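All chains, full assembly: derive it from the sequences and hints.
Protein chains in written order, with the working numbering: chain A, 12 to 374; chain B, 18 to 435; chain C, 8 to 508; chain D, 23 to 174.
Some but not every residue of chain C turned toward chain A, in silico, with C-beta under 10 angstroms:
| id | residue |
| --- | --- |
| 1 | P140 |
| 2 | G160 |
| 3 | D376 |
| 4 | G404 |
Hints in this document: simulated from the structure, not taken from any laboratory.
The structure presented is a predicted model; accordingly, all values stated were derived computationally and were not measured.
Beta carbons: idealized from backbone N, C-alpha and C, even for Gly.
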Amino acid sequence: MLKKEGEIRIPSGCAISGIIDKKRNRFNGSDIIKSIALMHDRSNGLGGGFAGYGIYPQYKDFFALHIFYDNETIKHKTEDFLNAHFEIESAGNIPTRKVSSIANKPLIWRYFVQPRIYKVKDLCMDEKEFTARCVIRINREFDGAYVFSSGKNMGAFKGVGYPEDIGDFFMLENYEGYIWTAHGRFPTNTPGWWGGAHPFTMLDWSIVHNGEISSYDANRRFVEMYGYNCALQTDTEVITYLLDLLVRKHNLPIEKALQILVAPFWNEIEKENPEKAKELKALRTVYASALINGPFSILVGYEDGLIALNDRIKLRSMVMAEKGNKTFFASEESAIRVICPEPENIYHPAGGEPIVVKLEAKI
Amino acid sequence: MEYLIIGNSVAGTSCAQKIRFNDKKGQITILSEESFPAYGRPLISYYLAGKVDSNLIQYRNDDFYRENKINVVLNCKALNIDSKNKKVKGSNGKEYSYDKLLIATGSVPFVPPVKGIENQKNTFTFLKLEDAKKIEKIITDKSNVIIVGAGLIGLKAAEALAGKVASISVVDLADRLMASVLDSQTALRIQKYIEKRDVKFYLSNTVAEVGKDSVVLKNGEKLPCDILIMAVGVKPNTEAALTAGIKVNRGIVVNEYMETSVKNIYAAGDCVESLDILSNQNKVLALWPNAYMQGETAGSNMSGVENKFAGSFAMNAIGFFGIQLISAGIVDPKDEKVSIYIEENEKEITYKKLLTLNNKLIGFALLNLPDRAGIYTSLINDDVKLDSLNYDITKKDIGLNVFPQDIRHNKLFRGNNK
Amino acid sequence: MSISLITPQFEVLRDEKKCIQCKVCVKQCANEVHRYDEEDNVVLADDAKCVNCHRCVVLCPTKALKIRNNSLEFRDNANWNGKAINEIFIQAETGGILLSSMGNPKPFPIYWDKMLLNASQVTNPSIDPLREPMETKVMIGRKPKKLEFDKKGKLITEIPPQIELNMPIMFSAMSYGSISKNAHEALARAAEKLGIVYNTGEGGLHKDFYKYGKNTIVQVASGRFGVHLNYLEAGVAIEIKMGQGAKPGIGGHLPGIKVGEDVSATRMIPVGADAISPAPHHDIYSIEDLSQLIFSLKEATNYKKPVLVKIAAVNNVAAIASGIARAGADAIIIDGFRGGTGAAPTRVRDNVGIPIELALAAVDQRLRDEGIRNEVSIVCAGSVRNSSDIVKAIALGADAVYIGSAALIAIGCHMCHSCSTGKCNWGIATQEAELVKRLNPDLAYQKLVNLLSAWNHEIKEMLGGMGINAIDSLRGNRLMLRGVGLNQKELDILGIKHAGE
Amino acid sequence: MKKVYAFEKNCLGCGLCEVYCKTAHSKSKDIIKTYRKENITSAIVIEEILSPKAKTYFALQCRHCADPKCVKACISGAMYKDQNGIVKNIKEKCVGCLSCVLVCPFGAVKRNKDKERKIISKCDLCIETGTPACVENCPNNALKLMDEEEVK
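Pasting the structure below:
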């Protein structure tokens, strides 16, 4: 019997695409669907998904939990748990439309929640840590329930199918956001579990990823020392946790965190001025086990913007371009041109060169 | 510049070579009274024995003369030196002018007067290739050969002829062979060894009279004689030098630059007297290496590069009948203060004699123990104090390990062969 | 006086057709096995003296010599085999404990050989180290829990001192005394050339070798030989030796005969005096005592040197290692039972301790379970034989490895297990000047450089095959390993899956 | 010029240089045949130095002197220094007078024990094969072919 994510590591190839409007002008999901659809051949119909930021302005202070349920029983059980830990502001189905190619859909629910304050205080945590732990707990202990999105004013939409069909299914043309990312998946071995599709998310973090990291177990065993549980055994999961650990728990500036994930080579470090070299050396020395190795290109959405990241020797394609306030990223240039016929500043980020596009501060 | 060299043996050759090294342009002429290209005189016994042919006996090959642009005039004896006009008259009727002249006329055999010597028409000396060639022509397996002189030349002649003739008898006035090098015991041992090779010795004896086909010895004994070889000794050939009025004692007198008493005339080799560093006196040291170095020193000074000859001492390496005898310095001392160390092995016919005086090695003789003899020679040559060495040289076979490390390393790593 | 029951262990076979009586074997055998009989012009051998070190075999210009196990047999008995019987003969004759050298030779499982490595195929490109950068540099030392930057983005966390290694390999502790000065010189110079470190062992640091300080770990062992302030400050790190894999629980003994002038000066003991290292450190009877020593050494050297602690792999190694990490050690060395020694009681060598692979896996997992693995380095020691052993050790969780026996083999050791005799024909485990000079440091150091350069290259090839371009990404990456022929318990302890899973 | 230098601190006195020297100068070029059938004298002398602590050794070959005494002493013209500075002996011309042995201050010219025509055994730096056999086969790198200047 085929094993699903979490029971086994499934290597996969992929297509990714992302758009950000740094002035926080919102636009609907049509373009991102169009872009990822162009790279149809890079997926195989076994996974597709999207993340949008700024899509829930009316609930922007609530954690938006997107949950797959296998059946009603587990839904009730999970909702009891949610009720016990959160004030649920709103709950309901995520709207979908019938698409012929999408079958076997689970129950797909959405809750806008706030942690129950006394519980947070009891545990001496902040609300993010509390929410994260609850999400991890559901995903680990509630067989048949899977929280696939848990950030604020953002949401992931994913499933088994080609990404354009998934976008159609979730009716993303009805959502407007200032960051969109998309993923089309080419797993080599999967029974097709909706939870296994990308993006992988954790609080505000959402990651779409093309690649297969060979440092996986080194990264996993490192991050698991800090309370994470890599239940899915996927690359996106471990990369998300690494970022969460470095940025949220260790308070490192995002740029430093990225210098850890794709650390410069030692001989490049030696060329830097002494102070810079000392800092880079410290980062590599202390966080050697957080170095991500193997081929990958990833797009990381988070509350402040969008990050594009390649492995150190650029073993996966990744191109970017700009037009007006928008910055586009995609596995292939054509996937940018299809939605932005006259792009500017086309650039291929070098291996290990992180590109961080930050949203302008909220007014 | 014109350089003229009288004499075509080792001193002449090394002189010419050195001149050419310093002066690429000057004209170099060698006059030789012989009809052969230069050869090693000591090789004539090997020639007679058939061990070298007339080709191989040549000291330097033709390329040497071509490359060094040395003109050799054969069959030309220097009859007269006109030092005023710087000209030499040759026996070929030509005159040779010079700016610098070297006299390297070597030695001539010393033949004592012997009664009736004119009766034996096959009387020879044994110094030149010509002598060997003459002897070679007439010997048969019936020949009875008498050799007068049991020194180096006589014994080498005997060796060359052994087995080729009916009998060989060696006669010497001394009581032992090679009296200048060997003590009587060793001489006797060698004598017995050689006697087994059908050579008879008549010692403390001499030829009293020469008949047509026999000789009569001093003790009255009569020996058949078809060939008589006179190998009593040699003396410096100073004939040419005397024509120039050069100062001559036993040999030509030279200074340390090998200059004679006449300006622009130098002399080198067996014809000169030079410093014997062991006796600190000028002596005729008729030695091959000596001649080479004197010729070279003369050549250097003649061509404008000042060089001194440091002096020398007696040394010899002799092989005959399979015996190797190497000796140097004083081996038969008169001075009673000399300590003598002797080590011998009758069975192996080996013998080692070391002579020391005032904390220095002054001489040695090694019979059939040639290995590393040069180190002893260097101890004499370099005036080495024996107590500065790592061990007592009489207690152990010699090696470079005798030298303290710094000296040894200086020799091995800096190529210091002094 | 009675006759000895001990029979020779080896036979010297000389092919008379090949022997040219050159006497090289006679001159080269310090055990005086060979002798030349002038009368018969023949070279003869005394088998009883032979230790099978191959010196004569290797130097014989005509390859006329072979050494083999004595073909003399006892009656078949799986239990009472020849070795068991001979050992009894020896002890009955001498009344002493049996002594051996080098590591445990018994056929216990070698887990390195029961683990296989992964490589990339299709979904993930392998990397060619000849064309792409490939990093094997590692930093050994304590790491802070996290890094902190100020508001301007300036690093404010001070990083404790680290040992910077160009490759994850170090030469393990071998004292001057147990090995020769030339062997030390070779190790020191090779370490310098390679950008790694060697270890003084417990015998102090010879004055000629202070110049290699940047590539030296100085050891402090129970005998405290040669320990003084300059010594502590001479190296890049200080190692406290608590135990040794070859002889856990046992001290050391350098016989006085090996304590010549130089060794005496280096160890700071009288010429000819036995150098006895006690079994325990007599100032360390518990973990808090160890912590005190660690911090005494750090105080003495102004916190400029990492302090490493070396222990033998024993039953409770994981818990002990955790204690050492918490006691303040910057790195922990786990020394397995196949590690070498100059001399150890045979029974201890062969029966005490546990396999390094299991110990290493257990320690790494334990420190991770406690969340402190990233703060301390782990060095794997005890019979690391080749580059794939190293790759497997690092995948199991080591930061670096120590090699001792392999280094000695590179410079000529033939594993004859006779170090304790002091007659090492290869100039390694001896203090006899005439034998020591047989090890030309110029040649020996080059061999070490060659060996480790080759290994480093092989490590890079294997890393590249896995699609990894920095050794950091291999450390603890147990998914890169698969077991073969291991039972579930072993797989669980090693933390790896079985091949095919 | 390059010469063979022996370093005492590395020389073991094992004698392998002699074995390989003999073989290199044999007809058969086979060690065993060289020893069994050809009575060759090696051009090397191995000396032992008595020092208080341990025996040390060095191997010695012809130093190829800048101003070679053996060449001057040679009565037959067999000994000469070639254009590369190597002191050689033309075996056809050599008559075995041993004058070279008499004057060599290193004792580095040996009498050949072989009954054959070749009388003198001295180092020719194995010029025909390239690297001297002694250097090539020294187990401890005690013998090195080095330039004079390099050594100084």
